Amino acid sequence: MAIQVSEQLENQIPDQEFKGAVSNRSRLAVDSKQFSSQIVGLKSDIPNIDRDTHQFVGELSQLASDRLSSLSFPTTKDEEWKYTDVSTLGSLTFANQEAIASRNASIEALIARNIAPESLGNCLVFVNGKYRRDLSDINDAAEGLVIGTLSTLGDRILPKLRSHLAQHPDTNDYFASLNTACMGDVAIILAPKDLVVENPIQLLFISVPQLENETLITHPRCLVIAETHSDLTFLQTFIGEDNQAYFTNSVTEIWLAEGAQVNHTKVQWQGDQSVHINTTAIAQARNSVYKNQSISFGAKISRHNLIVQQMAAQTETSLTGLAFTDGEQIADTHSCIAHNYPHGSSKQLHKCIANGRSHTVFNGKIQVAKLAQQTDSAQLSRNLLLSGKARVDTKPQLEIFADNVKCAHGATVSQLDAEEIFYLQSRAIDPESAANLLTYAFAAEAISQIPIVSVQRSLSSFVLEKTKS
Amino acid sequence: MIVENSEVILSVKDLTAEVDGVQILKGLDLEIKSGEVHAIMGPNGSGKSTFSKILAGHPAYTVTGGEIWYKGKNLLDLEPEIRSREGIFLAFQYPLEIPGVTNSDFLRLSYNNLRKHKGLEELDIIDFDDFIQEKLEIVEMNPSFLSRSVNEGFSGGEKKRNEILQMAILDPTLAILDETDSGLDIDALRIVAGGVNKLSTPDNSSLVITHYQRLLNYIIPDFIHVMENGKIILTGGKDLALELEEKGYDWLKEEEAVLA
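Line by line, the protein sequences give chains A and B. For the record, in the first sequence the residue sitting at position 240 is 240 according to the working numbering, with numbers rising by one throughout. For the record, in the second sequence the residue sitting at position 168 is 168 according to the working numbering, with numbers rising by one throughout.
Think of the hints as simulated: they come from the structure by calculation, not from any bench. Treat the numbers as computed from the prediction; the structure is a model and nothing was measured. Among these hints, one or two may not hold up.
[As the list claims (entries may be wrong)] Here's a subset of chain B near chain A, in silico, CB distances under 8 Å, partners left out:
1) Ala56
2) Val63
3) Ser84
4) Gly87
5) Phe92
6) Asn113
7) Gln166
8) Leu170
All C-beta atoms, glycine included, are put in the ideal place defined by N, C-alpha and C.
Full structure from sequences and hints, please.
Okay, here's the thing in structure tokens:
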């Protein structure tokens, strides 16, 4: 991919639109301790968990809980949260949703629609934060693959949990700590040495609260361990219904051992009144390859912290992001790729389409440590503004301490290109269809990176639907 | 070919136009009849490309005076997509790349818009596939091009062949080829010119805009117009191109100076 080294801003938006539309004050002041203690107070025990695992998780939660007392609820005065005001969370009273009695046809239909056919028999389903054995199906799991949850796997992988669960250095900020402090039944995928898993594994999280005055909070937690030379693809889907408020605070840790390959597709398609905060923390050993496609279509406010630590030489990382926002949505992605060792490479393409009065944010940090000579990194942020009231903030952030590296980055913010529209018009296509086709094409470049065909299709048809006049 | 008593397709009278407040066209007159092949030659900056873009309806160019009549209609009243559906085709000097849209989807959308305009039923993927196969042969294009993104990663020659493929699909009454020869090696030039010739009939006409005589060895014009400083200053037969090639455009300027 040819990536321009220069930053260019096409059709630059007038300053007041670009800089002034969001104030730098959070709307509400949130008491950090009160907020976290309200939420930690809702923590319930994981059912049917063995004693040793229970004790280990208890220790992790306690540690995180202790850490929380010294952490502050992020405000827009914090550099990392400058553009995304989540103080609205402070005004809510949260609750758990007790398991919805018996089976529910409409929920089951929603689940069925969102399970990728490729993942049938390889799917774990969580409803309102609770693992649902009855709705999950792992009967087609590859031989040797460990897939399940803390409660279903029992103590047979406890040593692995001790060395991996909540051990990633980038899972210690306010919201990730809150997740650990409230840790429920963790979704676990473990591919043992040399196992090549053919079918994509799906982890589906669905929020369908039936609460009156309170807001559902869930803390989805996933742990993926790819041992030496194993190879797997997993799909993480977050969905829920519109017109319902709920807060999803999720953490995923992914560990790639030497030579392992993991493809990770994350689709955030939550309801239009929800808040979605998610941390994905990846650790890569030598010669490993991690590929991520993160799609953000849903939620009123979404924030994705995506952090990759290259923990050895010759690791390869590829991140593709796509956010498509409308109305009053905010979609914020903060990524960090830390090149800590020599000969690492990374490729990142982040695309945002902002319509209506929506707002997309991208902050892409690339760190190259002094030791990380011969790093080859390329980052491109491309943004499409479909409306004069929409707003895009994009910032590449390069921190380079090695002297022999290649780090390309570029950022463009543009409206649809008038020349491209004219080209299509000159081929008998009306300007509206031309604009829709170009918007679709803009998104398709990112969607086409997803290796699961049915997911590609459903995302494409959503974009087609959105761009239909 | 020059056809006796054939219909006037395009009639341009005293056309003036500007872009970004700079006047480019300064009183251009041109008449093209059905069946004819016209060439406009001239030095860089004489207004050749501006004229082609105005015919296609590019929004960045403002017509400030004069008239353009196309098949009896005031062309300036028509939106670019209507002009296209009515049979005006511009082969771009620099065809655009559209990553994410396959060539076949693009061509089908384009063709179906034309069919709708003519009151015909749209073609589905299967019927369109049959239709396009024979068109591909005109420009000796491999069917694998259809599944690639529009012009993305195409060589200069492939892009121009793709333009002629679009021309073959839209079957225009007036085809305008804007510097179609630029950046082409001799093989690509032969294929592109061959495609244009195959599509030429007594019922349509072409306007070939070029800086060099080379292309006119392959697409033989009935008329050659020389453009200079926003208007046509000389019109002649196909031999004029050879004279221009030999003497260059400066010769005309001197001639003009002498006449003035």
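For each hint, the structure was consulted:
no.: 1; hint: Ala56; result: holds, 5 Å
no.: 2; hint: Val63; result: violated, 16 Å
no.: 3; hint: Ser84; result: holds, 4 Å
no.: 4; hint: Gly87; result: violated, 10 Å
no.: 5; hint: Phe92; result: holds, 7 Å
no.: 6; hint: Asn113; result: holds, 4 Å
no.: 7; hint: Gln166; result: holds, 6 Å
no.: 8; hint: Leu170; result: holds, 6 Å
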